[in-house]
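Colleague: Each protein sequence line maps, in turn, to chains A and B.
Just so we're aligned: 169 in numbering that gives the first Met the number 0 is position 170 of the first sequence, and the numbers increase by one with no gaps anywhere.
Just so we're aligned: 182 in numbering that gives the first Met the number 0 is position 183 of the second sequence, and the numbers increase by one with no gaps anywhere.
For the record, the hints were derived by calculation from the structure and aren't laboratory data.
Note that the structure is predicted; figures quoted are calculated from it, not measured.
Just so you know, even glycine gets a beta-carbon here, dropped at the ideal spot from N, CA and C.
Any given hint could be a false lead.
Calculated pairs, BS3-like style, for lysine-lysine (alpha carbon to alpha carbon, straight line, at most 25 angstroms) [as the list claims (entries may be wrong)]:
1) B:K8 <-> A:K189
2) A:K189 <-> B:K162
3) A:K32 <-> B:K238
4) B:K8 <-> B:K47
5) B:K238 <-> A:K56
Where chain B lies over chain A, by a calculated footprint (3+ residues, C-beta under 8 angstroms) [to be verified]:
6) 70-84
7) 136-145
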Amino acid sequence: MTLPKISQVVGRAVPVPGDDIDTDRIIPARFMKCLTFDGLGEYLFYDTRFDGDGSEKSHNLNLPCFRDASIMVSGANFGCGSSREHAPQSLYRAGFRAIIAGNFAEIFFGNATSLGMPCVSTSRENLAKLSCAIETNPSIEFVVDVEKLQVRYEHEEVRCEIAPGARDSLLNGSWDPLEELLTATDEIEKTASSLPYG
Amino acid sequence: MNSKNLFEKVWDAHSVGELANGQTQLFIGRHLIHEVTSPQAFGMLREKGLPVRYPERTFATVDHIVPTDEAHEPYSDILADAMIKELRKNCIESGVTFFDVDSGKQGIVHVVGPEQGLTQPGMTIACGDSHTSTHGAFGAVAFGVGTSQVRDLMATQTMAMSKLKVRRINVNGDLGAGIYAKDVILHIIRLLGVNGGTGFAYEYGGSVFDAFSIEERMTACNMSIEGGARVGYVNPDSKTFTYLKGRPYSPSGNDWKEQVSVWSSYSSDKDCSYDDTVTIEGAQVAPTVTWGINPGQAVAIDENIPDPDQVTQNERESIVEALEHMKLTAGAPVRGTKVDVAFIGSCTNGRLSDLEEVASRLPGHKVRDGLKAIVVPGSQIVSKLAMEKGLDKVFIDAGFEWRAAGCSMCLAMNPDKLVGDQLCASSSNRNFKGRQGSPTGRTMLMSPVMVAAAAVTGEVTDARTIFG
Ligand code: SF4
């Protein structure tokens, strides 16, 4: 199976400001009672978007101008907390294809990368600049360029970063490692039998 | 010979090779699964027509969704009922050992692994659960993974991972009386920050960790992830080996001696190097409680809740947001904060020693009228041992509810939940908004003994003044 090579993500962006946005916030635990990830998009940021009675609260994700955003802009330590892949899955299923933040919690970052959803980091100043540009005109198009390590919009560009291993795997279409892992059958067996425990 | 730390030794022994993107293909000796993060992975395998490659290396239990007050299936929550049935079916089909609810061994995955002797020094252990770092208490390299990696592990017993750096954290000297492992780890997270550990494995040591029991080490390692470190571990020593001796999955007979020498060989070499070293004086650790919405937002019991006007602009926003959610007053003493619910349990503090410690202090005290207090043993075995010692009666006499094993009120996937904006003194590990089941619910993390003190007085209290 060949995976698409992901060198850039192009689309509209939505700011979801704040540091330490944890995975409980991204997808509250009660929505994890499911046997597949299929329906998770609906519950993205549920408790910050909706009141107890299901009515909408004021939140960027509820605004019509951000309905088809595919890039999220947030703060530092995005995706901290639980290892639940339900979090990146709910972002992906809600249509997101890239996240720009200050930095990412490790497990979240790995989970998102293995879905082919680049998570790029940039400085606090740059995040503020991006959010400001979006707030001024929600319909501008952003390019998250994984190859050139830039976020471009209008005539601007800001520098971003992504772990080299993740970058390579996105660029050469090996972001889902399973196929490659499967090919090493003999080496796996060798390692298994070299260990002092079964 | 090159000296190495434990992390490097274990990493090297389990490296299968290098992947095209530069990551390591790492062999995982023990894979633990539970009902929440495994069904999708089993589904993906089925879709690809792949079997579970080494079923004897995977062990399952059910913890997040089990009701702690309802013994019989079908569960009244049909989603929960579907999840336990799915896990049961998947385990039977794939040949994975399942510690089911009728086995007498069911419980929180991070309590069950060690008590079965599945967790041993020098192993790599992974589970689709971030608190897998708990198992590092034995000198294993243990970490949480996502569901796609659960799939990779079932298909190949390996996963792609980048090597971590290692930060040695020494806690020297002695702890004061009435200071617990929970206080130590909350103190560390407060000091190094909730993302201070990103990219690191934490190696804990120093006289305080040497003196800790294995269960105390588990409490500290458990919350490594709350400091951003995916892995936390303590080098194995004679306490580790004593704990493991005679456990169902521990080696026995002639193998034992040999195994102990292999286990010892994984310890960090005396002259090994670390990417970073942090030193903390045990005497500086006070009973610590969180006041905010992440585990780093913590203060000592005699400190005040931070005032956003007294901090830098960067910190300000998150403090304002936390105070708003917690409905607490900036600058007020944390002591005296009114509490509605008390929860003792979870993979951080739901072990036998936690329950014993609290029960030894409870006689002569009663839970405050109108306060809901529950005790949830971390596993069926913890529950059984506690009941043999009569601890259940001590708790019940004091006004606690004694429940069946599970994750319970640590998170909102079973009927144990906060209601409205109730404030819970909790021995668990996360105080995120909504974590305990009500979007407006409030959580303050602290040691089990501090939870008991809050239960008795109805407010956040220095347990040392109540229990002596
Ligand atoms: S007790 Fe809490 S933290 Fe531990 S595994 Fe269960 S839900 Fe997760």
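Colleague: Take the hints in turn and mark each one as holding or not.
Modeller: Hints and how they fare:
1. B:K8 <-> A:K189: holds, 17 angstroms
2. A:K189 <-> B:K162: holds, 21 angstroms
3. A:K32 <-> B:K238: Since the Cα atoms of A:K32 and B:K238 sit roughly 39 angstroms apart, the hinted pair is violated (cutoff 25 angstroms).
4. B:K8 <-> B:K47: Distance of about 34 angstroms is beyond 25 angstroms: violated.
5. B:K238 <-> A:K56: violated, 53 angstroms
6. 70-84: Result for this restraint: holds, n = 8.
7. 136-145: Violated, because only 0 residues of the segment 136-145 of chain A bring their Cβ atoms closer than 8 angstroms to Cβ atoms of chain B.
Taken one by one, the earlier hints fail for this structure at numbers 3, 4, 5 and 7, listed in ascending order.
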